[in-house]
Amino acid sequence: MIEAHNLTKTFRDKKRGEIHAADHVSFRVQPGQIYGLLGANGAGKTTTLRVLATLLAPTSGTATVAGFDVVRDAQKVRANVGFLAASTALYGRLTAREMIGYFGRLNGMTDAAIRARIKQLSAELDMDEFLDRRCEKFSTGMKQKTSIARTLVHDPAVMIFDEPTLGLDVMTARAIVRFVRDCRARGKTVIYSTHVMSEVEKLCDVIGIIHDGKLLAEGTLAELRARHGEQDMEEIFVKVVGGEVAA
Amino acid sequence: MNWNNIVTVYLKELKDSLRDRRTLISTIVVPTVIMPLLMFGVGKIMSGVIKKTQEDIPSVAILGGADSPAVVAALKKSARLRVVTTPADWKQAIGDKKLRVAVEIPAGFEAGLKAGAAAAVKVYNYSGELKSENGARVVERFLADLREQTIADRLAEHALPKTLARPFEFKRENVAPPEKVGGNMFGGFVPYLIIILCFSGAMYPAMDLTAGEKERGTMETLLCSPVARVDIVLGKFLMVLTGSLSAMFFMLISMGVTAAIGGSLMMGGSATSRVGVGTAAARPTMDVIPMIDPMGLLGVLAMVLPVAVLFAAATFTVALFAKSYKEAQSYVGPMIIVVIMPAVVGMLPGIDLNARLALVPLLNLSLVCKEMLSGVWHWNYIALIFGSSCLYAAIALALAVKMFKREDVIFRT
Chain F
1 MIEAHNLTKT FRDKKRGEIH AADHVSFRVQ PGQIYGLLGA NGAGKTTTLR VLATLLAPTS
61 GTATVAGFDV VRDAQKVRAN VGFLAASTAL YGRLTAREMI GYFGRLNGMT DAAIRARIKQ
121 LSAELDMDEF LDRRCEKFST GMKQKTSIAR TLVHDPAVMI FDEPTLGLDV MTARAIVRFV
181 RDCRARGKTV IYSTHVMSEV EKLCDVIGII HDGKLLAEGT LAELRARHGE QDMEEIFVKV
241 VGGEVAA
Chain S
1 MNWNNIVTVY LKELKDSLRD RRTLISTIVV PTVIMPLLMF GVGKIMSGVI KKTQEDIPSV
61 AILGGADSPA VVAALKKSAR LRVVTTPADW KQAIGDKKLR VAVEIPAGFE AGLKAGAAAA
121 VKVYNYSGEL KSENGARVVE RFLADLREQT IADRLAEHAL PKTLARPFEF KRENVAPPEK
181 VGGNMFGGFV PYLIIILCFS GAMYPAMDLT AGEKERGTME TLLCSPVARV DIVLGKFLMV
241 LTGSLSAMFF MLISMGVTAA IGGSLMMGGS ATSRVGVGTA AARPTMDVIP MIDPMGLLGV
301 LAMVLPVAVL FAAATFTVAL FAKSYKEAQS YVGPMIIVVI MPAVVGMLPG IDLNARLALV
361 PLLNLSLVCK EMLSGVWHWN YIALIFGSSC LYAAIALALA VKMFKREDVI FRT
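Here the protein sequences line up with chains F and S, keeping their order.
Residues in the first sequence are numbered consecutively from 1, following my numbering.
Residues in the second sequence are numbered consecutively from 1, following my numbering.
Worth flagging that the hints you see were computed from the coordinates, not collected in a lab.
Don't take each hint at face value.
Derived DSS-like pairs: lysine-lysine, alpha-carbon spacing no greater than 30 Å straight-line [what the hints assert, rightly or not]: (1) S:K405 <-> F:K14; (2) S:K97 <-> S:K44; (3) S:K402 <-> F:K15; (4) S:K326 <-> F:K14; (5) S:K405 <-> F:K76; (6) S:K162 <-> S:K77; (7) S:K131 <-> S:K77; (8) S:K323 <-> F:K137; (9) S:K97 <-> S:K77; (10) F:K143 <-> S:K323; (11) F:K14 <-> S:K402; (12) S:K405 <-> F:K15; (13) S:K51 <-> S:K171; (14) F:K137 <-> S:K326; (15) F:K14 <-> S:K323; (16) S:K162 <-> S:K114.
Short, incomplete list of chain F residues facing chain S, as computed with Cβ under 10 Å [unchecked claim]: (17) L55; (18) A79; (19) N80; (20) F83; (21) L84; (22) A89; (23) L90; (24) Y91; (25) E98; (26) F103; (27) N107; (28) R134; (29) S147; (30) R150; (31) H154.
Here the structure is a predicted model, which means the values were calculated and not measured.
Note that the Cβ used here is the ideal one computed from N, Cα and C, for glycine as well.
Given only the sequences and the hints, what does the whole structure look like? Please build it.
Here you go:
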């Protein structure tokens, strides 16, 4: 489970002064649920997810991930999280097997457990053909599969996806969406950030609309449609965000 | 701190670096080829140029001398120089390297000699130009011989013994042991090379493991793992240190092998002379065979260790600020000037180790290494330098860990 209470992250910029990238953000994600964090570029999605993954420390507020506090038990949080983002790349000079094995070892797994897990993941993700090839020579699809295997090697209870389909072709993006659904089916707690409306409609059980660091609206797709009197997610989004600007 | 994690990070970085061409070039290839290049390449070219210059028979123009036919005839007769017709603009000719030297014989020189008080002979040359300098030396030697001969003639004229003008002879002889001579000759040069290579060995892994990872997007991937940041820093730092030490190791091996095979080229072309650890080197004019004390070299290696740690931590910290490999190069590159300066000062003659200089990083290493290679062991200074180097290294490493924990450094955009 993920629980965020008034999560705030402030950056100081010499030119722009204080920037509230996440401003008192609160939400809860249950196991077996996909929470969609929807927002434009620079809305605060990445910052919020980085705080949840303990890559950044919150300025104020609290959050627990898999029962562990993101500040006090950062290492335990990371041991229970699989973090996949467009910005989390692979080591080009390592093979896919070495890459997955490295993260297995960093997660405290034994060599035998890593071997068994790689075999299982390779079969599930159809990676046998390129498992012993260096990542730098991979196609985008191969890279995504290897990244997925890397996030799953320690079988985390919580999955955090930060715009994982950014810049991917349709087929690879579909494979990612399928994988996210699989995670839900396996009972994992999933948080998924994107600015693609169709992905949210197809995938998410609960949607949070974030803008200028603030969580402006939250609910299921049906609840949001009913609340804003619109069927199309894009219209709902513009209404929510536009209303905020007008105010 | 978890050593299992540190070793895991280190082993991965080692494997990764061994597959990186730039790191291999800076830590293995360059240190291995630099000594053969210096000795066989630069050494051979230098000795060739010097030999050619020495063999060059300088062209000499005579200014005046119409009333001193004997001196002019002697100059023309000399096999060591070649008298040419004096160009109208002889100064320009010297400047254009068409003429090596001009010698001005003052009016009434020979008459003055006979009378016992001749005016000074002037030698004109292109100062700093190798061949012109050599030409001036040849003419001066000719004039010195002429002066000696004049003295000898005058003494004979008065039936006086030659010892009247030269009552005694003197001879210089070296009493320093070969290790000291070798240490003095190479004491500045060897630590200088070690310092530079240690630094350049650390440079590329440091940039690749920090800014390179940020640029490639793998830093964020790594930070997602449940490993403490201090473990990540130490694992990466150990890899940078490995790069630094391996550069030194390969250079020393290469230096030993190269010196054993043909140090003669660097030593002036003597086919029989050698230089190196426990071996000998000699100039044709030297009566002692310089050697490098193996214990001194071991001492140098021990003293270099904390400095290698300092380099590894410093380059790591500075490169960490950069967003890309290219940016890191622009930060770390100029650091080499800071490294070279004290090493060069340490090579200068007359700069001796004292308590104050023992606290100046790098310069202290350069100076103490010079002493150790000469077989001089100032234990109080050695302890002071080793201790201060360890302290600087520890501060740099602590700073690296601190920087790695800073979000604005790691996620700098």
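Q. When the hints from earlier in the document are held up against this structure, which numbers fail?
A. Violated hints: none at all, because every hint is consistent with the structure.
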